[in-house]
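Enquirer: Below are the chains, spelled out letter by letter.
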Amino acid sequence: MNNEQQRDNIVSAAYKDLANERTPEHLDQRVLAMAAGSAKDPSYSRWISWARPVAWAATITLCLAITLELARQPEVQPSVAPAPDVLPGPSTTGLVQGPFDEQQSDEARVAEDKTDAGFLSKDRDRHDLVKIEVPETAEENARRSSGDIELQQEVADSIANTAAEKASLLRSAAPQPTEPQAADQPAAAARRQAPNESVPAAPAVEEIRVRQSAVVASSPMASDADAEWMACPKERRNTAESWYECILELREAGEQAAAELEQELLVDTFPDFKLP
Amino acid sequence: MVSSAPTAVSAEMSLPSQTTVAYAPAMDRSPEDSALMLRYRDGDTAAFEVLYRRHNDALYRYLLRLCKHRDNADDIFQEVWGKIIKAADRYRPTAKFTTYLYRVAHNCFIDYLRRNKRHTHIAQVDADLQPNPGESPDTLTERSLARERLQLALLELPDEQRDVFLLHEEAGLSLDEIAKVTDSNRETTKSRLRYAVNKLRVAIDEPAEAS
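Top to bottom, those sequences are chains V and Y.
The opening residue of the first sequence carries number 1 in this note's numbering; numbering runs sequentially from there.
The opening residue of the second sequence carries number 1001 in this note's numbering; numbering runs sequentially from there.
Only true hints are included.
Restraint ranges, calculated between C-beta atoms of paired labels, are given here: (1) Y:A1035 / V:E25: 25 to 31 Å; (2) V:W47 / Y:N1185: 43 to 49 Å; (3) Y:R1092 / V:I60: 21 to 27 Å.
Hints in this document: simulated from the structure, not taken from any laboratory.
Where a beta carbon is used, it is the ideal one built from N, C-alpha and C, also for glycine.
The whole structure should be built from the sequences, with the hints applied where relevant.
Expert: Spelled out as structure tokens, the structure:
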């Protein structure tokens, strides 16, 4: 301890000797009364200590839920495909190609997203129907590659539904109903009423005739008489060989579309039959 | 009461930054002070009373010697504790409670000076704080004479030097903590404290030098 520090201590000791004042009692009482008056209720304080974290947690949870919901909405929106009534007429390849090719589906999806984004939620039912009718592209490719018969038959059903209506209009314009067409109407109506029923792997001959006549009748250039003439008769479909001969006759007659369709049905009905 | 410049400089160099005095509050009490304050924040009035009893006398003397008037010291004393009580909800133990308390007291004193700077009675020194002029020097012991001279010298110190000296002696704050309380830098604080101590030392040693 040097001399300066020793002198500092002397000053401090002298001040200590001097400074002996104490706080007046009335001041002590006032301050303590003020402190007691301002003290919070401990139970209230405990509640407040919980309330703040709980409020924060609730706010954060709510924000997260809203954010996740908003982020998930675009994924929920269905991929939109063209409606059945805007489909083109039956192509020359018929059921092999299918009505909803990928390009059309993509174009329709983009157009729908641009113009109809706000309308989607209001018209959810319509989109659900469309979604049921149109499978995902990947699924469609997989089914195509595996030769799924059910898919083709579903597509044929949808075409048949529209075509049957047009055929009935044509029939009313030319009043010469043939026997198979008259028999077709109840079957088509039954299919419309129960669209989700599973279709058998090998369809009945009558049903095939219905489809074929419907496809041909949906062509604007065809008449009912032509459709009846192009279809292979029932007795020729009993065996694969006779059916194939009928197809050859159709080809020779220049009815390539009908022949293709008949050939597809032949392959479906008799999968073991080897085409020459 | 003349202090030479070389003496002041050498005294500054020798002043330790963490000087404590025997009667100053213990430095290691601050965590307990903070804990008591937190308990009071949660509604424990008894904790506040313990805290108050620790600091009330030192704070009162600090304000009494700053204001030089007992009534004003009483008012500021209540104002300081009122602010501490009101701010208990927002209290965070980021610093020593003593530093926090004396910073509030310092600011209250500054506000008090601003509010009353036109009033002349502030300059008047309370009779209790002045040495008794009617008492004969022969009846006083050397020790009591030294006390009288120290008291007079303390009242004659400039406000800034007296403030720093009282913070050092009463609150037991270090130079850095005093600098925080008074909003000044460490060197300025050190210089003010050194000048104050030198003047008081001269006042105490005056009879010995005269003899």
